[in-house]
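2 protein chains.
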Amino acid sequence: MGPDIKVLLQKISRLPGLGPRSARRIVLHLLKHRDELFEPLLLSFTNVFNSIKVCPCCRNLDTLVDCCSICTDKSRSRDIICVIENVADLWAIERTSCFRGQYHVLNGLLSSIEGRGPESLFLDQLLERCRKNEVKEIIIALSATVEGQMTDHYIRNFLVDKRIKISSLAHGIPMGGELDYLDEGTLFTAFSARS
Amino acid sequence: MGPDIKVLLQKISRLPGLGPRSARRIVLHLLKHRDELFEPLLLSFTNVFNSIKVCPCCRNLDTLVDCCSICTDKSRSRDIICVIENVADLWAIERTSCFRGQYHVLNGLLSSIEGRGPESLFLDQLLERCRKNEVKEIIIALSATVEGQMTDHYIRNFLVDKRIKISSLAHGIPMGGELDYLDEGTLFTAFSARS
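Read top to bottom, the protein sequences are chains A and B. Quick note: the first sequence, position 117, residue 246 per the numbering used here, numbers continuous. Quick note: the second sequence, position 106, residue 235 per the numbering used here, numbers continuous.
Next up, chain A with everything else stripped away, as it sits in the complex (with noise of 0.2 angstroms):
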């Protein structure tokens, strides 16, 4: 094959979840049917790149030309803002289609390992969002792990006494969850919460 193809075949290989034998499919099954697949995958490549940006309101990514589609969707409640590391979280919480507000994207949590300090966070802008839009509830959601914790409790020692609702998602047993499958400290934060 030609250099051009081996390029390809190796990038497509470094992309996650995939290796050199399904890259090696996707390449010949793109070259086998160019113009059916291989040339709409890449005028649609071609859009998303050109207009991909993080929104100035929400640091979301998305295909943008002022603010990204949740900042402009005027059916959407802007008094309630959801927090969340990232833009995977955002879609995985947009999939469940239970939350119609606005989001403030994180993009990575605190983190002393990987140097990430709270102006990281941008908290002074979404501070500055909850004036502008009298917005009544922050929601942290955040991961259940130790940074996600130590986010989720800077963010609300930043946004203490500044007369907003805070709160975080509930922990307890995911649905479908057997008792004798579950860790400790699951079954435990289940107890603590009990109601």
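FYI, nobody ran anything at the bench for these hints, they're computed from the structure. Errors might be hidden in some of the hints.
Heads up, the list lumps identical chains together, so a pair's fine if it works in one copy or across two of them.
Straight-line alpha carbon distances no greater than 25 angstroms define the calculated SDA-like cross-link-like pairs of lysine to any residue that follow [to be verified]: (1) Lys140 / Arg154; (2) Lys161 / Gly244; (3) Lys265 / Ala299; (4) Lys135 / Ile222; (5) Lys203 / Arg143; (6) Lys265 / Pro185; (7) Lys140 / Leu171.
Predicted model, so just to flag it, every value in this text is computed and none were measured.
Given chain A, work out where chain B should sit, using these hints.
This is chain B only, laid out in the frame that chain A set:
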């Protein structure tokens, strides 16, 4: 997320071996690393898309100017041709480095269901190449399926009396294969072809 990203996700999730979840992972990974990963990948895709063609000589799919990288490789012998079903098989044989001749890619087997008749095999073109390059041997390397063996048989019949040695790949026990896990067909062939 914006409509462009949705279209891209849909297209990626339809690639072989991928689904909605892996498409999301890949797209998020690319969005997060726009300059280091997304741009080089897009460039690579564009390069391959613009230069991919069917080799007029062996019908291989490659990024080519005149003929494919195998046909133009001067270090490969021209008097032996391996007949294969598709480009995936060509790549597989090239990975073993056991063959240094030329190929003839059928791009599909004889199949009455798919309406692929003998004209789709481009055997006249193969014969012309054999005459021009004084080919001594043709190796038929097709799958051990009904259609593969039918096509093998047809090509053998077509090439009979042309003063070219014709061989097919050996059938038998695969490397690492344990006797009691083999199917009867393979075991039978291995017994018949014992040496």
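Tested hints:
{"no.": "1", "hint": "Lys140 / Arg154", "verdict": "both (14 angstroms within a copy, 15 angstroms between copies)"}
{"no.": "2", "hint": "Lys161 / Gly244", "verdict": "between (46 angstroms within a copy, 18 angstroms between copies)"}
{"no.": "3", "hint": "Lys265 / Ala299", "verdict": "within (19 angstroms within a copy, 75 angstroms between copies)"}
{"no.": "4", "hint": "Lys135 / Ile222", "verdict": "between (38 angstroms within a copy, 16 angstroms between copies)"}
{"no.": "5", "hint": "Lys203 / Arg143", "verdict": "neither (39 angstroms within a copy, 32 angstroms between copies)"}
{"no.": "6", "hint": "Lys265 / Pro185", "verdict": "within (21 angstroms within a copy, 68 angstroms between copies)"}
{"no.": "7", "hint": "Lys140 / Leu171", "verdict": "both (15 angstroms within a copy, 10 angstroms between copies)"}
Checked against the numbered hints above, the structure breaks only hint 5 and satisfies the rest.
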